[in-house]
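Engineer: With the sequences and hints as input, model every part of the structure.
From first to last, the protein sequence lines are chains A and B.
Counted the way my numbering counts, the first sequence spans residues 1 to 279.
Counted the way my numbering counts, the second sequence spans residues 1001 to 1295.
Derived by calculation from the structure, the hints in this document are not laboratory data.
Cβ coordinates follow ideal geometry from the N, Cα and C atoms, glycine included.
Incorrect hints may have been included.
Derived DEER-like restraints, expressed as beta-carbon distance ranges [what the hints assert, rightly or not]:
no.: 1; chain 1: A; residue 1: Gly-10; chain 2: B; residue 2: Gly-1216; range: 27 to 37 Å
no.: 2; chain 1: A; residue 1: Pro-270; chain 2: B; residue 2: Val-1207; range: 23 to 33 Å
no.: 3; chain 1: A; residue 1: Ser-172; chain 2: B; residue 2: Ile-1294; range: 31 to 41 Å
Letter by letter, the chains look like this.
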Amino acid sequence: MMEVKELTFGYNRRQKVFENFSLSLGEGKICGLLGKNGTGKSTLLYLMTGLLRPQKGGIYYKGIDVRHRLPQTLGEMFIVPEEFALPRVTLRKYVSLNRSFYPRFSDELLRSCLRDFDMNEDIHLGELSMGQKKKAYMCFALATNTRFLVMDEPSNGLDIPSKSQFRRAVASGMTEDKTVVISTHQVRDIDSLLDHVIIIDGSRTLLNRSVSDICRRLCFAELTAGELTGDELYTQPSVQGQSVVLPNRLGEEHTTLNLELLFNATLAHPQQMAQVFTD
Amino acid sequence: MDNAIMNKTFSATRLGWLLKKDWTENKKTYLTYGGFYVGILLYKFLGSAYTASVIGHISTIDYMGMYMSAQSWGFLLLMMFAVTAIQGVNTKEERVNTLMLPASNSEKFAACLLRVTLGAFLFCLFGLLLADITAYLLANLFFDMPAGYSMLLLSGAPVSLSEDIGISANGLFVAGTPFIYYAFLAWFQSLYMVCLLANYWRKSAAVKVLLGIVVGCIVLFSVGSLLVLTLLHEYYIDVYNWIFGLAEKLQHLDVEELEAYGRMVMHGATWLLCLLTLFHYWLSYKFFTRIKIIA
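Structural biologist: Structure representation (structure tokens):
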């Protein structure tokens, strides 16, 4: 669906954010895009949606170069950036002005999403708090029903109930032909939502695996100091003792994905982690 | 929804949606601009009518001056609309909205160009009409107007200013002296627009670009003058002979021939300005297609 081929990009000539970076995203996935600060997560999202142009290489959505910003590709993608601007009109008016541009716009999805967020179409976008604006914007984004939806730090600014409402709204709008890419630092907000994890570090893709694959090959556990066997790929102190990542060599029962632990383990021992997935 | 429309590079329907969206989201701004223009004109027109009512003679109303004033303030209105060329791309957040909207670059630019040119022109026209009618009605209601008082647009002033504009016998557009003024306005507005679109990411781009153009013009004028003076100094005999020859040639021409020469120069300058305006629009489009979220 989305192909990033040998991408080179930098905001200036000396410092490159990406150099010969390649990535492929399939359909029917909710992908978590993770990485340290400054590794280019938002930049990659902007590049994938054609908001920035690669210096070398190309980015293709269903074979079409996104840099051309053709209506047929733009009509199939939507980005929810970390910061956004909304006009001072009612949500109903906003929807009526913008829905025509999106061929797959769904009123049903909009209503269900607004219901999930305890909102209605009569709200005035100019009179909302930042969190409410974000919820309204996300409702519209999901209602566009685009096949490629990108969200940059979607849970920022949302209160605790809204975060679970957000997860419910995204999950309920998901279909086989859609791809949702979520870039965030708030990994706990989305770990139960994801079915694919991508961890990037500059020009390297440290991990690009489905959650089921990760859970088949890795175990996430809380152990006391006495329970450590030395087989652990990564350990970090926790309230219970040690949070550990272990290779699931025996094919034991799958544990729940601990995204924070996975992220730290991948950054700390990228080669060991890569080895686990190539074995 | 018609899916086929998404495969078109240019769709009039989508352009219509863009214009409707633009009007709905920004009508307050445009109406404020228009209101400012109408307010200024109303003040001028009523002031003139009041003077005539006090003196009691229609000849004190300077219709030509009123019309020139409408044109000068109209120029300011045009420039205010030119600033809206960067309306959707002024901030990073606005750029995301504009660039991600599923319409082609040519449609987005066409909507912008229509707003800046045709939109501004219509606001000028209707603003003038509204101010004229309102001033006429108010003056007749509240002042003791002398006989012969009429609306500015019926006074003959606009016609006398534009009487040189017409269509020649062979169907080609003939531009008289007044048309060069409109060509200059269009050229300057397009120059401002292209400079704005080349500097969309700067803070307070509208002011900085205007200052840049003014400074640029001063520098160009100074360098040009210096160059001319240097050339005059080096080749003063040749230049003197050329000017003397030209003056002598002009002296032998009759009034009609002189007028024809004048009109030819004016036509040439008008066409040059029109061509430069088109070039600026093309350049603006090129800059528009290169807009990125981060410059």
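Engineer: None of the hints should be skipped; say for each whether it holds.
Structural biologist: Hint by hint, here is what the structure shows:
no.	hint	in the structure
1	A:Gly-10 / B:Gly-1216: 27 to 37 Å	31 Å, holds
2	A:Pro-270 / B:Val-1207: 23 to 33 Å	50 Å, violated
3	A:Ser-172 / B:Ile-1294: 31 to 41 Å	34 Å, holds
In this structure, the one hint that does not hold is number 2.
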